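Please assemble the complex out of the two chains, which come individually in their own frames, going by the hints.
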Amino acid sequence: MSAFEAAAEQEREFPDRRHVPERAAGERASKRIIVGYGFWIFLLSDIVMFSAFFATYAVLVDATAGGPSGRELFNLRNVAIETACLLLSSFTCGLASIGARTQRGSWFYGAMAATCILGAAFLFIEVREFAGVVAQGAGPTRSAFLSAFFTLVGCHGLHVTAGLLWLMTMMAQVFAKGYRADILRRVLCFGLFWHTLDIIWVAIFTVVYLMGAGQ
Amino acid sequence: MSDSGQQREPYYADSAPGYEHFDDHEPAEALGSYLVGLGLAALLTVVSFFISGTTLVWGPSIPVALIVLAIAQMGVHLVFFLNITTGPDNVNNILALAFGVLIVLLLLAGSLWIMANLNHNMMPMDQIMQMHH
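For the record, the sequence lines run as chains F and L. So in numbering that gives the first Met the number 0, the last spot in the first sequence is 214, and the numbers never skip. So in numbering that gives the first Met the number 0, the last spot in the second sequence is 132, and the numbers never skip.
One chain only, chain L, in its complex shape (with noise of 0.2 Å):
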């Protein structure tokens, strides 16, 4: 059994995070794959900067761009540091990075949408006031 685990091993159908396969890849090809992450990631914050900072677009357009960037960058670091893939060995990796992802947006979007309904219908902090008088 441990014979053809062993020979079993460059077929492996799974992976961890931030693995490369030797075995597929020298290191030449790993360091490349760092290599178009930094330049993505580098190109993606220099980007997200400039645009912070300019007027050459509309103005209230900055904040979505600013996040949808955010959001680029991200993946662009899941994928080449990280090394999470959308491969058939990424199975695991994936369905647990969904699971945090919906759990991270419930919270974000609940949060928001909860205390900005509290906010709209708050009485005005003078008028409770002069309920008290």
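Chain F on its own, in the form it takes in the complex (with noise of 0.2 Å):
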């Protein structure tokens, strides 16, 4: 009897041990698991590259070449309305993707709607603080410390528009659509995108609010 062989028998044997492997050689896994592992690979690609903007502002951060500094540009009660949008956004996110399984119209649209004003919110506030640091001749052609903090911050930011207007293609996809099987992967792969921008958003307002504004 092969290795094989004695698995699939200890597989029929106790079929209810979660750590005996349930599939055996050859079967696939669900289309919904491969799409699920594909798209979070690729998010880690994106974490790997936020950190590269981390590290180049952590680099720079004392670099302000005569200009301010983020203690003087820092509205820490911004950032904390800012923090709050996004992480209850992610928790509404959250019952968007149940509602989206159990296929219940109110629960996903509702909570989608909240996603997306709270995602608005956020960026109307992010806006609205990057154009009164510019207004103050603080842009980021004035340091390297600017430089990295508008690419930083501004590339999540992206991020979240990118995200806003996703969010707004599945709600119409499912409204023509329905709840078809490769319409829910796509809610999966967008909840996922959703809930890793606000892990970004945990670094960033730790690295460069709080550490900055409390040097």
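No lab work stands behind these hints: they were computed from the structure. Predicted model, so just to flag it, every value in this text is computed and none were measured. Idealized CB from N, CA, C, for every residue including glycine. Please note that a few of the clues may not be correct.
As the list claims (entries may be wrong) - Label pairs and their in silico Cβ distance ranges: (1) F:Arg70 with L:Trp57: 18 to 24 Å; (2) F:Trp165 with L:Ile102: 24 to 30 Å; (3) L:Pro123 with F:Phe41: 27 to 33 Å.
Here it is as structure tokens:
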């Protein structure tokens, strides 16, 4: 008896034991699992890209070239509101994914709309903050510190913008095509994307704002 | 073959991030998981904002505390929002995550180390200017 046959035999004997491999060789995982795993790998590569921006920021944070430093520019009350918006939107995004999988329209559309409003509020506050900083003469060209700041936080803002467009696309697709398996896979990927943006924001408000304002 | 596949569906030994098995858990349980995640993340965020402006703790310990709190919150997000767990059906996701964390740590630590070293070894700017005259 080969090792594989032995494993298959064991599987037949203990079908409810979770640590025994349940799938025989050659049997494929479902498409949803493969899609989720592939998108998870993309998200990890996005996190690696952000870590390069974080490293750049950390190296250049003191290179203010006589210009304003983070302590003079950052308003922590705004950052707290932004953080609350994004955290709550991550929660409502989770509610939307439950609504999608249980195919309850009121849950799905309501939670997606709440996610959209919270994400838009976050973007509005961020754009207002950027405009205020630029108006003080502290645009990205002022110092290496400000270049790194706008690159890092602006790249996250662009991701949120793309996420909002994707969110509205998903609402339209579910409305037009219903809870089809392929649409549900896209909703799953959107949820992963949105939660990951919140993880990156945790790093941004800690490293950029809290550590920058407290220096 | 497809028949046995159908029967096996509830026992699939694989799982995707962000997916709860509704065969095992009711939507109410998934909602509970999101609520726990929201509560923990909110608590960690509030502590982070409080600690950054407080004079109650020794000053130099604040950045370390902030980083520890941020890493804890990322863990909360991964477990309760992205549903990346240590279960046997999550091995692929965990391995990918571990590789990602390795690259991120190499990138951050490597950049900071090299740049600090260069700064340390570089001659002060006014001495470089004098050499040109």
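Going through the hints against the structure:
{"no.": "1", "hint": "F:Arg70 with L:Trp57: 18 to 24 Å", "result": "holds, 20 Å"}
{"no.": "2", "hint": "F:Trp165 with L:Ile102: 24 to 30 Å", "result": "holds, 25 Å"}
{"no.": "3", "hint": "L:Pro123 with F:Phe41: 27 to 33 Å", "result": "violated, 45 Å"}
Consistency with the previously given hints fails for number 3 only.
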